[in-house]
Amino acid sequence: MKRVSDRIVTGAAWLSGGGLMLAAAVVIGFLILRGYKNLDLALLFGDTPWQAAIMGERPVFGGIWPAFMGTFYLVFLSSAMAIPIGIASGIYLAEYASRRLRSLLGFFVDLLAGTPSIVMGLFGFTAILFLRKTLLPEAQTCLFLAAACIALLVLPYVIRITETSIEAIPEPLRLLGYSVGFTRWRNLRSVLLPLASRGMLSGAILAVGRASEDTAVILLTGVVAHAGIPGSMFDKFEALPFRIYYLAAEYRNLGELDQGFATSLVLLCISGTLFLIAVCLQKSAEMRWKRR
Amino acid sequence: MEETVRKIMEPILSVENLSVHFSDKPVLQDVSLSLWPGEITVIVGPSGSGKSTLLRAVNRLNELYPHCRTSGSVRLRIHGESGDVYRGFMALSELRQRVGMVFQTPAVFPFSIQKNLTLPLQVYLGVNGSTLTERMEEILRDVGLWEEVKDRLRDDATTLSGGQQQRLCIARMLALKPAVLLLDEPTASLDFKSAARIEKLLLNLKRRYGILAVSHSLAQTRRIADRVCVLREGRIVQELDHEHLRDPDAFQTIIDVAF
Ligand SMILES: Nc1ncnc2c1ncn2[C@@H]1O[C@H](COP(=O)(O)OP(=O)(O)OP(=O)(O)O)[C@@H](O)[C@H]1O
Ligand SMILES: [Mg+2]
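Those protein sequence lines, which keep their order, are chains A and B.
Residue numbers for the first sequence follow the working numbering, so the first one is 1426 and each next one is one higher.
Residue numbers for the second sequence follow the working numbering, so the first one is 1056 and each next one is one higher.
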């Protein structure tokens, strides 16, 4: 009896693990199959020579370079807002907040996590309308607004993951630092954060991934089809997911649709690269924390 | 003779009328005991009688459990000054550095062996560079661990055996230059040879530190203790000294009755 259930569980585990890999392989394979033909410099830069495009000497028409840079700025800005604040709040909730405050704040964090992204976009849009009528008549939807709304969207994930990865450290280890006389801050810095860093990394990765793919928020807060590379944080911008959406919805021939697939591949590469950077950062930090 | 010497000397640590409650459940009641330098005091008692709680009350670790309530006093004497640690005698972090503790189950930081020692040294004593390495080697030699770990200082401390981890914990405690040592069954996870080594180490250390230890082994208690306190259901029911410890059978009888 025991053996049978054991086998069923093992089999199910293998199946779901394999299924996951298969699903990922099918999606990526499909993208590659449809997109690789279009994956060239012309996709990125259109007819503009690439050196001139990268240096910003000549504007790019017909290529996805402006969208590429738009997404990059967007992800960078929103991560720069959401990750530090999220990690700090997670630490506060796990280590400093009283039990009552923790459950109260936790409720709001969950509420924020449950907010659909289109609602977040509407919020940004309304905020701009309000600003126009009151303090800043010339305010408009822009890169900064979109980044702020996306930051708000991913913030709860970062908070929750930071909090749970600190709380997951077993009690004896959490108290160990105090027994050698560490202050709360020292214990946090030298013991808890290094031990929780892996969990915090997955929070950051989730935030980056979410920020790079979201379309609903930016749709209402400043993305447009042809804006070029934004000159400042207060300009309109292009973004890869919006470009993909646009190509998929309004393609005039199959070539354009395939361009959409190639663009998806590029988006995948961006988030993949960002993941890799995050993993490397965390690994080297962990080495430093643990060895010396 | 000994008694007169003791009367002249002041205790390094004295616990007075200490009571500890965990969410209204009394765990220690009205416990009083004193610790003199040059002596090892051993606490024995059945499981759950509050031995670990008593040790944690001395360096105020119990306070990390939010539902814990402590009353009474713990007086500590350091460099000729003395005061009640529950009434602001010294900062918490200094107290825990002066009153070192080794836990019942070895508790190393999940970092490298080296870092387990250097982290507290850097934080408190501001030692760095070559002094740091020298201090580390010296302490590891003191606890007889140097030969075993000198080639793997950068390995994770959790890869050490239980006994090695326990000695690393003792080393970490000694690195902070404490005045009083709290040892919660320091040889519980050790084979008899490593245990004998630690016992020898403790007999060596007692000249320099006040030592309060918990032991489950009566044989060990007889070997290392200068005084024994028997704890039962949170109260000290008996205190024994050298006289009682001399004769194994008499000691056994007393313990049997007390348990
Ligand atoms: N953090 C805690 N919260 C609630 N109760 C606790 C806590 N720590 C200890 N106790 C209770 O206090 C009592 C004494 O525990 P303690 O660990 O001091 O016993 P002990 O004498 O060290 O036992 P052992 O020999 O098994 O280590 C036990 O009944 C235990 O359940
Ligand atoms: Mg115990």
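For the record, the hints were derived by calculation from the structure and aren't laboratory data.
Small disclaimer: the values here were computed from a predicted structure and weren't measured.
Careful: at least some of the hints might be erroneous.
[Unchecked claim] With a cut-off of at most 27 Å between alpha-carbon atoms, the simulated BS3-like pairs for lysine-lysine come out as follows:
| no. | chain 1 | residue 1 | chain 2 | residue 2 |
| --- | --- | --- | --- | --- |
| 1 | B | K1232 | B | K1261 |
| 2 | B | K1205 | B | K1255 |
| 3 | B | K1205 | A | K1708 |
| 4 | A | K1715 | B | K1261 |
- Query: Of the hints given before, which are not true for this structure?
  - Reply: 4
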